[in-house]
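Now for the letters of each chain:
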Amino acid sequence: AQKVTQAQTEISVVEKEDVTLDCVYETRDTTYYLFWYKQPPSGELVFLIRRNSFDEQNEISGRYSWNFQKSTSSFNFTITASQVVDSAVYFCALTDRDDKIIFGKGTRLHILP
Amino acid sequence: DGGITQSPKYLFRKEGQNVTLSCEQNLNHDAMYWYRQDPGQGLRLIYYSQIVNDFQKGDIAEGYSVSREKKESFPLTVTSAQKNPTAFYLCASNREWGQGNTGELFFGEGSRLTVL
Chain A
231 AQKVTQAQTE ISVVEKEDVT LDCVYETRDT TYYLFWYKQP PSGELVFLIR RNSFDEQNEI
291 SGRYSWNFQK STSSFNFTIT ASQVVDSAVY FCALTDRDDK IIFGKGTRLH ILP
Chain B
466 DGGITQSPKY LFRKEGQNVT LSCEQNLNHD AMYWYRQDPG QGLRLIYYSQ IVNDFQKGDI
526 AEGYSVSREK KESFPLTVTS AQKNPTAFYL CASNREWGQG NTGELFFGEG SRLTVL
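Residue numbers (my numbering), protein chains in the order written: chain A, 231 to 343; chain B, 466 to 581.
Derived from the structure by calculation, the hints contain no laboratory data.
Remember, it's a predicted structure, so these values are computed and weren't measured experimentally.
Ideal placement from N, C-alpha and C gives every residue a C-beta, glycine not left out.
Please note that a few of the clues may not be correct.
What the hints assert, rightly or not - Okay, the calculated beta carbon distance ranges per label pair:
1) A:A237 to B:N549: 33 to 41 angstroms
2) A:P343 to B:S532: 41 to 49 angstroms
3) A:R258 to B:S532: 42 to 50 angstroms
4) B:G468 to A:Q287: 24 to 32 angstroms
5) B:S532 to A:T302: 17 to 25 angstroms
6) A:F277 to B:F553: 47 to 55 angstroms
7) A:E256 to B:T544: 28 to 36 angstroms
8) A:Q313 to B:D519: 27 to 35 angstroms
9) A:E247 to B:E574: 42 to 50 angstroms
10) A:Y294 to B:R478: 33 to 41 angstroms
11) A:E247 to B:D503: 43 to 51 angstroms
12) A:T260 to B:G468: 40 to 48 angstroms
13) B:S538 to A:D328: 16 to 24 angstroms
14) A:I290 to B:E574: 24 to 32 angstroms
Next up, chain B with everything else stripped away, as it sits in the complex (with noise of 0.2 angstroms):
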């Protein structure tokens, strides 16, 4: 079945240690995004990219970094830049877009993320 993958679901670190999240997807989108989820915050933007090889930074994208190598794959790393780490993270791809023609989104299961 087509979808998006999240991977690890769980994920504990220690302070001052990177880490990847991995997003992976068979819809054949081309944009893909990253949302970070907290409590009584909603979900905010962190990155996103609309084609291979390029992405654009949301609304809190400091201490974090994505990469768009291939279509179906956009990791997120959490820097030990990132202050406050700890949260559940959100990918998501787009059917299309375009001047602001977006479609619905497709979202993985998440990533939670603790820092010990």
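Extracted from the complex, chain A is given alone in its bound form (with noise of 0.2 angstroms):
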């Protein structure tokens, strides 16, 4: 069965430093996507990345950067030199065959001031 597993519950860090939020998933499948998604307080969810099973390139956008390594079945996230903004819930998803897309229960992150 497809799985996502995001251990942190809860993180606060002061600003500017960095954190990385973390990712495991299961799946039996070869083929499938990984996601992460940002969630303001606002409620809508806003997508940040998506990586397929075969593209194992880590990736920086900015602050922010994604290491995946299908060897330990991780997608961990990195936010660098943290801002306030950047407080929210994030998500891990993961897409199978089927085109269900399986969340993590998320980890929501505290940037103080």
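Could you fit the two chains together into a complex? Lean on the hints.
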């Protein structure tokens, strides 16, 4: 069965610190996609990144970076030099061949000024 | 602007009543989804539809029903059979799908249902 585990329920860091959000997934499919979404207090989820199972290259987008490692079934998300506006709930998600998209339970991130 | 519109944003219901949550998209997306969000539970899939007049149960479909008569609309009915309906409901659509080639989800702002 497909499963996404975000072991960190809640994280607090001081502004400008780096922070890494962990995501571990389980799937029997060889073709799948991984995602990260941000949910600010307004409630609407915002797409951050999609990565397919055949592309293990790490990606950087501004202060955001993602580390995909198939060997450990992990897709971790790092925010560098965090800012208060980064405070939100972050979800990791996995899709399978049936196009169901399974979400982890989310990590609530607090960036303290 | 293109996007997903959910209504109402807040809804109160008495026990034993059915209620329908609206979800409309003008993105011309084929696939649409309903998720339920509870504190500490993340998002759980209720129903999804990949094409008009077709839909599949997600992980927690009991007590819910949907229809997909039009491409742009995917209403969710929370029936009286749903034992714990108080939650935040999110509708989403998907630009591409098929054999696992799933694109990003576009989400609405959600509907918060409270059962009194």
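**Asked** Regarding A:P343 and B:S532, is the given constraint of 41 to 49 angstroms on their beta-carbon distance met?
**Response** holds (47 angstroms)
**Prompt:** Should the hint that A:R258 and B:S532 are 42 to 50 angstroms apart at their CB atoms be regarded as holding?
**Reply:** violated (32 angstroms)
**Prompt:** Could one say that the CB atoms of A:F277 and B:F553 fall in the range 47 to 55 angstroms?
**Reply:** With a Cβ separation near 18 angstroms, A:F277 and B:F553 fall outside 47 to 55 angstroms, so the hint is violated.
**Asked** Between A:E247 and B:D503, is the Cβ distance one that fits in 43 to 51 angstroms?
**Response** For B:D503 against A:E247, whose Cβ atoms are near 30 angstroms apart, the range 43 to 51 angstroms is violated.
**Prompt:** Taking the beta carbons of A:A237 and B:N549, is their distance inside 33 to 41 angstroms?
**Reply:** violated (26 angstroms)
**Asked** So does A:E247 sit 42 to 50 angstroms from B:E574, Cβ to Cβ?
**Response** violated (30 angstroms)
**Request:** Starting from the hint 40 to 48 angstroms, judge whether the C-beta atoms of A:T260 and B:G468 obey it.
**Result:** violated (34 angstroms)
**Prompt:** That 28 to 36 angstroms hint for A:E256 and B:T544 (C-beta), does it hold up?
**Reply:** About 32 angstroms separates the Cβ atoms of A:E256 and B:T544, which means 28 to 36 angstroms holds.
**Prompt:** Has the hinted range 33 to 41 angstroms been met by the Cβ atoms of A:Y294 and B:R478?
**Reply:** Holds: the Cβ-Cβ distance is about 39 angstroms, inside 33 to 41 angstroms.
**Asked** How does the Cβ-Cβ distance of B:G468 and A:Q287 compare with 24 to 32 angstroms: does it lie in that range?
**Response** holds (31 angstroms)
**Prompt:** Is the hinted range of 24 to 32 angstroms satisfied by the C-beta distance from A:I290 to B:E574?
**Reply:** holds (30 angstroms)
**Item:** Supplied distance hint 16 to 24 angstroms, evaluated on CB atoms of B:S538 and A:D328
**Value:** holds (23 angstroms)
Violated hints, listed in ascending order, are 1, 3, 5, 6, 8, 9, 11 and 12; each of the other numbered hints is respected by the structure.
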